[in-house]
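Residue-level listing of the chains:
Protein chains: 10
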Amino acid sequence: MEFLVRSENRLPADTPAERREELRAGERTRAMELRAEGVLKRLWRVPGRNATVGLYEAEDPAALHDALMSLPMAPWLDVHVEALATHPQERTS
Amino acid sequence: MEFLVRSENRLPADTPAERREELRAGERTRAMELRAEGVLKRLWRVPGRNATVGLYEAEDPAALHDALMSLPMAPWLDVHVEALATHPQERTS
Amino acid sequence: MEFLVRSENRLPADTPAERREELRAGERTRAMELRAEGVLKRLWRVPGRNATVGLYEAEDPAALHDALMSLPMAPWLDVHVEALATHPQERTS
Amino acid sequence: MEFLVRSENRLPADTPAERREELRAGERTRAMELRAEGVLKRLWRVPGRNATVGLYEAEDPAALHDALMSLPMAPWLDVHVEALATHPQERTS
Amino acid sequence: MEFLVRSENRLPADTPAERREELRAGERTRAMELRAEGVLKRLWRVPGRNATVGLYEAEDPAALHDALMSLPMAPWLDVHVEALATHPQERTS
Amino acid sequence: MEFLVRSENRLPADTPAERREELRAGERTRAMELRAEGVLKRLWRVPGRNATVGLYEAEDPAALHDALMSLPMAPWLDVHVEALATHPQERTS
Amino acid sequence: MEFLVRSENRLPADTPAERREELRAGERTRAMELRAEGVLKRLWRVPGRNATVGLYEAEDPAALHDALMSLPMAPWLDVHVEALATHPQERTS
Amino acid sequence: MEFLVRSENRLPADTPAERREELRAGERTRAMELRAEGVLKRLWRVPGRNATVGLYEAEDPAALHDALMSLPMAPWLDVHVEALATHPQERTS
Amino acid sequence: MEFLVRSENRLPADTPAERREELRAGERTRAMELRAEGVLKRLWRVPGRNATVGLYEAEDPAALHDALMSLPMAPWLDVHVEALATHPQERTS
Amino acid sequence: MEFLVRSENRLPADTPAERREELRAGERTRAMELRAEGVLKRLWRVPGRNATVGLYEAEDPAALHDALMSLPMAPWLDVHVEALATHPQERTS
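Chains as they are written, first to last, in the UniProt record's numbering: chain R, 1 to 93; chain P, 1 to 93; chain H, 1 to 93; chain G, 1 to 93; chain W, 1 to 93; chain F, 1 to 93; chain Z, 1 to 93; chain V, 1 to 93; chain B, 1 to 93; chain L, 1 to 93.
It is worth saying that the hints were derived from the structure and are not from the lab. Keep in mind that the hints are not guaranteed to be accurate.
[Said to hold, decoys possible] Label-pair restraints from in silico Cβ distances:
#, chain 1, residue 1, chain 2, residue 2, range
1, V, 12, Z, 37, 25 to 31 Å
2, H, 22, B, 9, 57 to 63 Å
3, G, 14, W, 26, 58 to 64 Å
4, V, 78, P, 59, 51 to 57 Å
5, H, 26, P, 38, 22 to 28 Å
6, W, 90, B, 14, 28 to 34 Å
7, G, 90, P, 16, 25 to 31 Å
8, Z, 37, W, 17, 23 to 29 Å
9, F, 88, H, 70, 31 to 37 Å
Quick reminder that beta carbons are idealized off the backbone N, C-alpha and C, glycines included.
The following block holds chain R by itself, in its conformation from the complex (with noise of 0.2 Å):
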């Protein structure tokens, strides 16, 4: 099943620039691995934030917010999913 999921990047402004280096190279690598296990499909910056929107395919929410709970940024990050139906339009195409 499909999830909306919203995120707002809470790092405090005075983190170290070396953490923050650290802390967005390890997200960047844990998210490249949600995609390739098919968990994260699309990802999108909301503008002019430090925030994404992201569309997350797992099977139940459980499992969803163990792989959210896995990117390095977790404590940071502000989240907000909405669990989405697939459209019967796109059931019949």
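Starting from the known structure of chain R, arrange chains P, H, G, W, F, Z, V, B and L on it as the hints suggest.
Below, chains P, H, G, W, F, Z, V, B and L alone, put in the same frame as chain R:
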């Protein structure tokens, strides 16, 4: 998977009593069927309101959607669904 | 560019079934055309609601507006559009 | 009577891992006691968040308050309680 | 247990004066009965609005719901209930 | 005149226990004085929160303000006041 | 005591011009009386809206409520009242 | 001075096409006059909605109010005005 | 033109008393100057809060901004400004 | 395409004056460059706040994002972007 479903009934206050009763009876019958099928697990009233909170179980959001739309009162219900993840405390118990 | 489009259908609950079906059929036909044109890329149902979330692609907000207003149900839709930026992860992959 | 309890965990992201684990372990132990006492009936995770939704049973709001405040994580929890009424469908079944 | 009950009266402004008076008289009569029964303990007007705040006492949320729904104006009332816990300051005094 | 006063206590979770107890004791003492003066008429806890709802009586909003600011915890309280009007049902009874 | 009163006029847009004018004239007459009595001290328009902000003075919220309900447009007004405390800067000047 | 004006058009969806066109034509004519007078400086559509954002210039809020109320569609517009201050970057450039 | 100015004081609760007093004294002095200049016309306290509502008069929003920023407490104030239009009732009286 | 950009500056109130000035100077320089490039078309201050509303033009949301993130103050800005569509009135004029 389980869903928390909050439902506000917007049936207009001036709906004729007969029509209202007919809808309520149909609603009850269909709700009992959903209980029998294991889709509707618990139902509460929000005190003071024509509104309910329900605990539903369905295979995915599309199946939940179909179940909710099968209720005769559906056209007047303002529904908000929250997909929940089983807590590890319960997975291990 | 891509847009996330949230659309609540406010067609009154007491709309005659015939009229409702006519609008739904027209909506489906037009949506299929927008898919064929590459404007409508994905469409989901918000479970429990007469509402959708869609992923659209259009040259600019004016083109998106025209596409959305071409839907027969447009006068009853309460639409919120969010312009999204491709994430660098996807630009480089 | 039953209560729906929504709880956001505001423990700061920079809490030392040890302290965090100690609190989590204490939280789990106390939660298990509340389950054994029949106060905590169900617990779900809100996917993507350090947050839970729980179904509690207590004699009255004061007893619920005492139970919630007995959790070691209580000083960091942002809790919202909703008192629910048993639905007639369940009273008669 | 005690409940704080906020109630907005949505009776349409174009309701005939007679009907409105009949409802108000019935409302007052029923409210007086609830007072006599100890269910309605205090009632205030929200200044400038056709709205009230009330302090109710009932055995549980279901009993409160039944009391509120027994008011003739109930179909037009938009009610929000908050279950309150006696403060220790008052328990000991 | 009467006021409904909602008060969220924002004292930081990491306040030393001693300081917290000192403030709580002072708060209790001052609250008891306000009760004795007829200013604080009722006090409830919002279950699950470090928050209260109180019913106060004061000559006017300025007098209420002074009473609330005399509480030792005042600098950490997030307070919302609602001025209420005696309902005619109570004026005539 | 003084109150800030925000008032949105919800008179339906399709109200016949005559009826609207009659109500407006009555509103103006009554407002002038309230000015003469010292109840209505200032009145502003919220630009672009059929709404006002007013500064009122009344003995208590009940007296304010009666004044506001005496306006012919009252059944269509959505009113929010805020009780204000004279600032010490003005008490001493 | 300049104002940002957000305007949602609430003309009912079932307004006859003729009446709607008549209003739109009048709206356009009046808007063009306001442009010519230098009152309406820019106008955008909110994509997907029957809504606009406009940049207006007027001597003061009362003059802006009169300009907005001179639009034939005014009775159906839900308008929010924000008074803006020229930024020093532009004052000095 | 007149503005309604709502101002929440966010000075941290743990600000040393001396610093707080110094700021308050400066605030008072500057406010008195703004009164003398006719910029600050009325000032109220929001009861129970470290917050005020003020009625200001200034040539335009930029002049108001400069006046508000001249207050020593400005860096800690969360301010919302509403530009108001003189009501015709007052223009003609 | 054009964007309306609302930006709240959350730079802590206790930032040393030097650091603040350095950031402001850098901000101004970069803003002037964005003006020269035609990206920043207008900028207003929200009166009473450390906040701005800007009218930007960029090829797409990603280009706007890059422009906004190039501002030295970006880590402290809370930004909301709204993509606007040119109104037909302006397309034809």
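*Does the Cβ-Cβ separation between residue 14 of chain G and residue 26 of chain W fall within 58 to 64 Å?*
Holds - the Cβ-Cβ distance for residue 14 of chain G and residue 26 of chain W, about 60 Å, lies within 58 to 64 Å.
Can the suggested window of 28 to 34 Å be confirmed for the beta-carbon pair residue 90 of chain W and residue 14 of chain B? Because 31 Å falls inside the window, the suggested range holds.
Between the beta carbons of residue 12 of chain V and residue 37 of chain Z, is the distance compatible with 25 to 31 Å? Roughly 40 Å apart at Cβ, these two residues miss the hinted range, so it is violated.
Check: How does the Cβ-Cβ distance of residue 88 of chain F and residue 70 of chain H compare with 31 to 37 Å: does it lie in that range?
Finding: Since residue 88 of chain F and residue 70 of chain H have Cβ atoms about 56 Å apart, the given range 31 to 37 Å is violated.
So does residue 78 of chain V sit 51 to 57 Å from residue 59 of chain P, Cβ to Cβ? Roughly 42 Å apart at Cβ, these two residues miss the hinted range, so it is violated.
Report task. For residue 90 of chain G and residue 16 of chain P, compare the CB-CB distance with the range 25 to 31 Å and indicate the outcome. Result -> holds (28 Å)
When you take the CB atoms of residue 26 of chain H and residue 38 of chain P, is the distance between them in 22 to 28 Å? Given a distance of about 38 Å, which is not inside 22 to 28 Å, the answer is violated.
Subject >> Beta-carbon spacing of residue 22 of chain H to residue 9 of chain B - inside the hinted bounds 57 to 63 Å or not >> reply: holds (59 Å)
- Query: That 23 to 29 Å hint for residue 37 of chain Z and residue 17 of chain W (C-beta), does it hold up?
  - Reply: Holds: the Cβ-Cβ distance is about 27 Å, inside 23 to 29 Å.
Hint violations for this structure: numbers 1, 4, 5, 9, all remaining hints satisfied.
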